[in-house]
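Asks: Each chain, letter by letter, is given below.
Protein chains: 2
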Amino acid sequence: MSWFYPILFATETQTANPSLVLAGVLLSLVIIYFASKLGGELCSRINLPAVLGELVGGVVIGISALKLLVFPEGGLEATDSLIIQFLQATANLNPGESGLVFESMSEVISVLSELGVIILLFEIGLESDLKELIKVGPSAAIVAVVGVSAPFALGTAGLVYLFGLPVIPSVFAGAALTATSIGITAKVLAELGKLSSTEGQIIIGAAVLDDILGIIVLAVVGSLVKTGEIQVNQIIILIISAGTFLVGTILIGRLISPALVGLVNQMKTRGEVLITGIVFAFILAYVANIIQLEGILGAFAAGLVLAETDKRKELEEQIIPVADLFVPIFFVCVGARTDLGVLNPAIPSNREGLIIASFLIVVAIVGKVVAGFTIFGKPEINKLAIGVGMVPRGEVGLVFAGVGSASGALSPATEAAIIVMVIATTFVAPPLLKLVFKDEVIEKVESEAK
Amino acid sequence: MSWFYPILFATETQTANPSLVLAGVLLSLVIIYFASKLGGELCSRINLPAVLGELVGGVVIGISALKLLVFPEGGLEATDSLIIQFLQATANLNPGESGLVFESMSEVISVLSELGVIILLFEIGLESDLKELIKVGPSAAIVAVVGVSAPFALGTAGLVYLFGLPVIPSVFAGAALTATSIGITAKVLAELGKLSSTEGQIIIGAAVLDDILGIIVLAVVGSLVKTGEIQVNQIIILIISAGTFLVGTILIGRLISPALVGLVNQMKTRGEVLITGIVFAFILAYVANIIQLEGILGAFAAGLVLAETDKRKELEEQIIPVADLFVPIFFVCVGARTDLGVLNPAIPSNREGLIIASFLIVVAIVGKVVAGFTIFGKPEINKLAIGVGMVPRGEVGLVFAGVGSASGALSPATEAAIIVMVIATTFVAPPLLKLVFKDEVIEKVESEAK
Numbered sequence: 001m002s003w004f005y006p007i008l009f010a011t012e013t014q015t016a017n018p019s020l021v022l023a024g025v026l027l028s029l030v031i032i033y034f035a036s037k038l039g040g041e042l043c044s045r046i047n048l049p050a051v052l053g054e055l056v057g058g059v060v061i062g063i064s065a066l067k068l069l070v071f072p073e074g075g076l077e078a079t080d081s082l083i084i085q086f087l088q089a090t091a092n093l094n095p096g097e098s099g100l101v102f103e104s105m106s107e108v109i110s111v112l113s114e115l116g117v118i119i120l121l122f123e124i125g126l127e128s129d130l131k132e133l134i135k136v137g138p139s140a141a142i143v144a145v146v147g148v149s150a151p152f153a154l155g156t157a158g159l160v161y162l163f164g165l166p167v168i169p170s171v172f173a174g175a176a177l178t179a180t181s182i183g184i185t186a187k188v189l190a191e192l193g194k195l196s197s198t199e200g201q202i203i204i205g206a207a208v209l210d211d212i213l214g215i216i217v218l219a220v221v222g223s224l225v226k227t228g229e230i231q232v233n234q235i236i237i238l239i240i241s242a243g244t245f246l247v248g249t250i251l252i253g254r255l256i257s258p259a260l261v262g263l264v265n266q267m268k269t270r271g272e273v274l275i276t277g278i279v280f281a282f283i284l285a286y287v288a289n290i291i292q293l294e295g296i297l298g299a300f301a302a303g304l305v306l307a308e309t310d311k312r313k314e315l316e317e318q319i320i321p322v323a324d325l326f327v328p329i330f331f332v333c334v335g336a337r338t339d340l341g342v343l344n345p346a347i348p349s350n351r352e353g354l355i356i357a358s359f360l361i362v363v364a365i366v367g368k369v370v371a372g373f374t375i376f377g378k379p380e381i382n383k384l385a386i387g388v389g390m391v392p393r394g395e396v397g398l399v400f401a402g403v404g405s406a407s408g409a410l411s412p413a414t415e416a417a418i419i420v421m422v423i424a425t426t427f428v429a430p431p432l433l434k435l436v437f438k439d440e441v442i443e444k445v446e447s448e449a450k
Numbered sequence: 001m002s003w004f005y006p007i008l009f010a011t012e013t014q015t016a017n018p019s020l021v022l023a024g025v026l027l028s029l030v031i032i033y034f035a036s037k038l039g040g041e042l043c044s045r046i047n048l049p050a051v052l053g054e055l056v057g058g059v060v061i062g063i064s065a066l067k068l069l070v071f072p073e074g075g076l077e078a079t080d081s082l083i084i085q086f087l088q089a090t091a092n093l094n095p096g097e098s099g100l101v102f103e104s105m106s107e108v109i110s111v112l113s114e115l116g117v118i119i120l121l122f123e124i125g126l127e128s129d130l131k132e133l134i135k136v137g138p139s140a141a142i143v144a145v146v147g148v149s150a151p152f153a154l155g156t157a158g159l160v161y162l163f164g165l166p167v168i169p170s171v172f173a174g175a176a177l178t179a180t181s182i183g184i185t186a187k188v189l190a191e192l193g194k195l196s197s198t199e200g201q202i203i204i205g206a207a208v209l210d211d212i213l214g215i216i217v218l219a220v221v222g223s224l225v226k227t228g229e230i231q232v233n234q235i236i237i238l239i240i241s242a243g244t245f246l247v248g249t250i251l252i253g254r255l256i257s258p259a260l261v262g263l264v265n266q267m268k269t270r271g272e273v274l275i276t277g278i279v280f281a282f283i284l285a286y287v288a289n290i291i292q293l294e295g296i297l298g299a300f301a302a303g304l305v306l307a308e309t310d311k312r313k314e315l316e317e318q319i320i321p322v323a324d325l326f327v328p329i330f331f332v333c334v335g336a337r338t339d340l341g342v343l344n345p346a347i348p349s350n351r352e353g354l355i356i357a358s359f360l361i362v363v364a365i366v367g368k369v370v371a372g373f374t375i376f377g378k379p380e381i382n383k384l385a386i387g388v389g390m391v392p393r394g395e396v397g398l399v400f401a402g403v404g405s406a407s408g409a410l411s412p413a414t415e416a417a418i419i420v421m422v423i424a425t426t427f428v429a430p431p432l433l434k435l436v437f438k439d440e441v442i443e444k445v446e447s448e449a450k
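Just so you know, the sequences run in chain order A and B.
Residues in the first sequence are numbered from 1 upward in steps of one, following our numbering.
Residues in the second sequence are numbered from 1 upward in steps of one, following our numbering.
In short, the hints are calculated from the structure, not lab data.
Incorrect hints may appear among the rest.
Computed list of chain A residues with no C-beta within reach of chain B, every gap over 10 Å [to be verified]:
| id | residue |
| --- | --- |
| 1 | Leu82 |
| 2 | Ile168 |
| 3 | Arg270 |
In silico PhoX-like pairs for lysine-lysine, Cα to Cα no more than 20 Å straight-line [said to hold, decoys possible]:
| id | chain 1 | residue 1 | chain 2 | residue 2 |
| --- | --- | --- | --- | --- |
| 4 | B | Lys268 | A | Lys434 |
| 5 | A | Lys135 | A | Lys378 |
| 6 | B | Lys268 | B | Lys313 |
| 7 | B | Lys135 | B | Lys378 |
| 8 | B | Lys434 | A | Lys268 |
| 9 | A | Lys131 | A | Lys378 |
We treat Cβ as the ideally placed atom computed from N, Cα and C, and that holds for glycine.
Construct the entire structure; sequences and hints are all you get.
Replies: Given below as structure tokens:
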């Protein structure tokens, strides 16, 4: 009944009315779920991955189209949000307060979306097989290294020699081509039932490594732009902490997981398995976050460790409804934040960006597909699928664009080109991945028929 | 990777670093789950309801003790939060930014806790039986009306005549005695397996009605204090909208639920039942919220309506893990926000409040127990249990204390007395309820043995 406060006795505070924030969050979630289900159902009916529908659903309700779900970034304000306008019309939100409510509800939705991708990676970890991942480790490592260096080298060189851009922005744009977005790939693989296939595990392994490589590349490029030189110490610390984290969590996790299972078996209250699993995932996500890795890596490691216990099945079953609620928030928000305005060729300033973008898209796809073909000695493997699986750059590429732009290293055209590249690779990968895996299924059926 | 932003290129913005907010939320959730499980497990071992343990766990980590989980209210700042200090020590949070991070993460946890009680009431609605509720409706209505008017009249009269307080603060304190906290009662009933008993349904029905009556009482008292007169129009609108909402949602809900089920049956993507149910609950919660009722009433109505469809079982199963994750956040936050400082008799200024509080506690319990005994013609019913079930006042009473204090109508002693009353009734009700229902079980066993 906290809403009564401001209605009866308006006080001058700097915090937003909690009841209006709650109303805004409820409304945002309703719209997010509508968009995700509408998009997901439409896509699954025309035989495309549902996650593509969630992304497109997000685009439709986001900054590019309906502006139902927008975030206070890129100069957007409360007045740009249709949800805020709706709250003003229906919930007695007065315009003076709308800025605070807009910021608070956007903050909540952003965190929910981050929790969504953390829970997704926890679920992916649970469905992965540590032994299989270790077995494919060397292949995954080669794919990751080639998949980071090939697009980086090709992209940087191309921008310098073909487009005549200065070195710094070229290095930045090249770096933006490196890191795969694990979330989108993993979700598509799960939808296709290919997550536990050898290809699936190589893709996931390579994507995890390549996420870490991407973070290191960003640190290198970032310090290069900021100070003009590479801070070797910082980079070494990052590499050591990343390695220690991945190996350490899995080793320590395997040591303590029997005690964890023992503890859970002692518990009598509701939700003991799920809560323990989630707490474990959140702790590792927190640790990953504070040592400057990504939280999702911690959640993935937690899933991997718990997948080896005898609680795996129970945990997998219980995480499904939770993931069903949280994960769409992430994908819809990625779509909603995507500004398709940079794609409009009618705006003259976009044209230069679009030309650079076409080049970056080609390099982004070719670089990763080439990486897939570096796997040798395994003729039965669908190498094309592995390369395609690494294509989506998602939010990681956008961080490069944002950091580059904030540092002044990137011209608006180059920044727009990076964003277009991210949009294209993210949206093109799900249907492509479905296609290359479908070919494989057909081949298999044909070869079995012979 | 959004954390890279401020580390590489610190920008001067008014929004908190999203990565640090996420880290703070992860840490808060880990602590909340620890407290809820530790408290819940301990309580269930000494045969007390687990929810009491969650409340106590919240008190231990909250403002009264460890200060791990505190909120920016009552003059508390970022420096009071141990989580913020921990973030400063481990996650490179600089003191200048900590205020923003503290506010943002508290906002997120508050909304998650509100979503927790919304999901709890949705689950309670799903487990309730509309036909049974309608059958017990007249009994529930009597219990609600007596349960609101008896403590209101007794409390107000007692404060005026026994304690010589002025009329306005007496009316306020009396009004704070009216509304039951549905959440705590419903959770204890569910834990005892008594939710679908006749007693359980009368308690839930009465608590829902009495929540609405409480809102009306608050509006009456609030406008009385604010303008010196009762704004009859506002009250009439509130009564009409509350009635229309409850009857309307259930009638319209029953009309559209077959279409909703048909729609769900057409869906092919994951989580179709759960998402549709949650969206329905969130929409009704939103509507309840904007017509100045409580969101939980909407969620309860949504659960009631969907309980009548053939998706009930599936929905009940899928909501369990979601509720397991969200609901503890609510109870732990209620505990964490409870300031036991007002209970310390060593502080002289608390003594007057504690004396008034003792009186209020007696009235609060007696008033509701009397209400339980107004049910007649049903000798087989455990009337004591019904009265006890209405005892916890929870957050509703705290809103009265807060509104009264903000309006200047309440002296610090009276405000503290209301808070003590809320604490006592909230914490005493779960074990009492277990006790009165246990007697019944024993009686039943004995009478069956005869």
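Asks: All hints, please: hold or fail.
Replies: So, going through the hints one by one against the coordinates:
1. Leu82: 15 Å, holds
2. Ile168: It holds; Ile168/A is separated from chain B by about 14 Å at its closest Cβ, greater than 10 Å.
3. Arg270: Incorrect as stated: the minimum Cβ-Cβ distance to chain B is 6 Å, not above 10 Å.
4. Lys268/B <-> Lys434/A: 17 Å, holds
5. Lys135/A <-> Lys378/A: 13 Å, holds
6. Lys268/B <-> Lys313/B: Given that 20 Å is the threshold and the Cα spacing comes to 19 Å, the pair holds.
7. Lys135/B <-> Lys378/B: Since the Cα atoms of Lys135/B and Lys378/B sit roughly 13 Å apart, the hinted pair holds (cutoff 20 Å).
8. Lys434/B <-> Lys268/A: Measuring from Cα to Cα gives roughly 17 Å; hence the hint holds.
9. Lys131/A <-> Lys378/A: 18 Å, holds
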